[in-house]
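**Student:** Now for the letters of each chain:
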Amino acid sequence: MIGYALKRLWLGAIIISVAMMMMFAMIYLIPGDPASVALGPRATPEMMEALRVRMGLDQPVWRQFLHFYASVLSGDLGTEVLSNRPVLDVVMEQLPFTLALVVGGITWSVALGIPLGCIAAVRRGGFVDQVIGVLSVAMIAVPSFVVAIYSLLVFAVALQWLPAIGAGEPGDLGSQIQHLILPSLAVGLGWIGYISRMVRASMLETLEASHIRTARAFGLTERRIVYTYALRIAVLPTITLLGVGIGHMLSSSVFAEIVFARPGIGKLVYEAISVRNYPIVSGAVLVTTVFFVLVNVAADILVGILDPRVRSSFN
Amino acid sequence: MREPLGAVGLTLVTVVVLSAVFASVLTSYAPSKISPAERFASPSLLHLLGTDHLGRDLFTRVLYGGRIALLIALGATAGSLVAGVVLGLIAGYGPRWLDNVLLLVFDAVKSFPTVMLALTLVTLFGPSLYAVVLVVMLVNVPGYARIIRTQTLVLKSAEHVMAARSMGASAARILRVHILPNIIGPILILISMDIPVVVAIEAGMSFLGLGVRPPTPSWGAILNDGFANIRDSYWIVIAGGLPIVLTTLGFTFFGETLRDLFDPRLKGRA
Amino acid sequence: MTVLDVRNLSVAFHTGSGRLEALKQVSFSVPANRSVGVVGESGCGKSTLINAILGLLADNGEISSGEIIFEGDKDLARLDPTAMRALRGRRIATVFQDPMGALNPVLSVGRQMRDIQYRSGLSKRDKDARSVAMLRKVRIPDPESRLAQFPHEFSGGMKQRIAIAMALMMEPALLIADEPTTALDATLEVATIELLKDLQRDIGCSVLFISHHLGVIAELCDEMIVMYAGEVVESGTTREIFHDPRHPYTQKLLACDPARLSHRVARLPTIPGTLPDLRHRPSGCVFQPRCDRADAQCRADRPPNAVIGGSHIARCWYADISLAGVGA
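Line by line, the protein sequences are chains A, B and C. Under numbering that gives the first Met the number 0, the letters of the first sequence match residues 0 to 314, in that order. Under numbering that gives the first Met the number 0, the letters of the second sequence match residues 0 to 269, in that order. Under numbering that gives the first Met the number 0, the letters of the third sequence match residues 0 to 327, in that order.
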């Protein structure tokens, strides 16, 4: 178990390092002086010079990279231009809102995706199965920001069932959840489709396994066979799938945040670009990548825990 | 299910493509013609989808927007394909370490949430058509490269290829006879599944104001225009979103059908 | 009393390429407290037979004619699914061929053994106690601690014994064993057969034992039937059939058994030819394409069941020709 976890972490570390290398390369590929880019058009010559020294721009490239690496690892992602606050703080402040959206998206996709996939598998070949199949594809196909806009139009503007703007009153959980419903639906809708298809395929495969035949031969009810014996095995790939999905949901939440005027990383980065607050952009992207990689690793480890076969093959 | 769905997909795709190609025939308005007197007109016989905040006919903008969308889709896909083929061949034929490095790079690129990637590139290169295309390519190239790489690896050691080579078959012939038939299917499927992604990325970026510059009529830009007026002039966002929905649904349905047709395993089931 | 009485059972499947007759007028019976063996090569219809008895035929299969009389009063061929399910696991139990795949990998053994008892009305503790007692009977060491373990923690032989324990736990009237020892190595096979014999005596059930391993059938079963391409070609007591096989297929089968060779040969004997396409059964006798004694009558008409003596029947025009006493 430990070995398995370490392996996933190691892979994750490599990916993060590569991402950081790409970030570093991008900063240095910007035409012009990185210091002026980092500071933006408001910089005075003194500020630029100070920054240049601090950034070690006079040092050989490899040294600069190591320095970059070290400062990132120690949590220093630079300071942002407008308020001079550490980038890390600013980003972390906004992260919870985006996370709430992603969690909401996962909730939607799991709560609807697994049952739909299960029903489709049990009624395989029938009308219900075909309808669910078409719906799944449709959900995957339509871009999330269009879903966001249309759901805003229908449910918030036309029907006025749900709020259109913001994240709700701080401290009021009910209001916050209310404000989450539509945006997280937009974020998670595509993944309802993916999960429903995966669960269907996985269930069909599991239902043909010999131990299911044994369970039937022992007279267990079909209900028990489907929900306890088959579904438990069939949902395991869903966790890995969700690990990948979180990255996509992060992308979708940028749009959701803008459409529904919610605070969050997406909104932060979007606004930072328009005022050329580049440290925020690179800091946010880095934090997001790290987060995403860690979640993937965690998902893999989770599968290892839940599947006793994987678990004890490392004992 | 597959047959009717594929038919629906193909129909949608045909409608979208034809309406874009024959845009100038289907409408007499110019897409960027501003007509202040007719601002915010709701849909009518004169303006099938209404007008936007500048009085421009939305139906026209949608049709011409189709041209933008399809051009970008084709261009980006072609570019991704070429880059993917090159990288895939390198990964497959080249030394082992290079293969591993490339795979790692592919994984790393895929590990960036697309929007973050887009925002970063826009930061670096400024909002533009090129940024959009670049983002799209970065997102799509690993997919194509993987297919090519797998085929290359398979064939590197395949006996019949070695036999052909020992009999003096040229690289071109090997390419044509052995490699192409095996990859045509997966690549066609990937293309029709990628086009909706390209359209979505372009529309998304234009919606954020980071893509095609106004007054070019991109569907995403229409959505952007309409979003500010969503309460009173809701038809604008409907006009902007509808073609996106139809295009993505159409290509995806079509691609799914292709995939089902090409997958021998699925032939046995239901 | 006869536990299972199969009369003229025919099963057909509707495939994309035509109607496939998997079983044709299969008849045999399983008396109480006896073991009946079913012998035949792969594709002879053994699995279909089991599935038909259990009511687990695939959706495209149907019982086109015949009866499966269980315990004298229930026709399994006509029973509704709920009633059938009530019988499975309680009155009719099954042990399958592949011990590796038979048990659900993500549920503990104890959980699965408890689930089978869901109709017993016992408390969880009593169910577990029963499971432990059963595991002890199949000679699994330290049974109490085994309940919490998962299938992959057991060896193949132990998994098969657990499967047998699960099957016999509800003390069924009929145990169907589908090649239970095929996947096990020779020494395990012997031990498992011994176990089955003991348990059968202990619990007093009947066993329908399917195998292509003649030695095991000889060891375990009192009576046997020989199947070929979905038909019963010969049936009788094990003794009668081994001593004096009358159907050409049975004779060939016994001759090909490596265990019976009295001297070394360069080549193992085989039966030339392959199974017929069950969508297009051969005219006349089903074995005639591969039979070296087939004549015009064999090719034209299907032979009736010829009674040779006692319970010994063979479906052959020339069933009265005996090879007993003739060197193999």
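Just so you know, these hints were derived from the structure itself, not from any lab. Computed from a prediction, not measured in an experiment: that's the story for all the values here. Quick reminder that beta carbons are idealized off the backbone N, C-alpha and C, glycines included. Mixed in with the good hints there might be a few duds.
Residues from chain B that face chain A, not an exhaustive set, calculated with beta carbons under 7 angstroms [said to hold, decoys possible]:
#	residue
1	Gly93
2	Met115
3	Thr247
**Student:** Each hint: holds or not?
**Tutor:** Structure-based check of each hint:
1. The interface hint given for B/Gly93 is broken, as the beta carbon of that residue sits about 19 angstroms from the closest beta carbon of chain A, more than 7 angstroms.
2. Hint status for B/Met115 relative to chain A: holds, with the closest Cβ pair at about 5 angstroms, below 7 angstroms.
3. A least Cβ separation of about 5 angstroms between B/Thr247 and chain A falls short of the 7 angstroms threshold, and the interface hint therefore holds.
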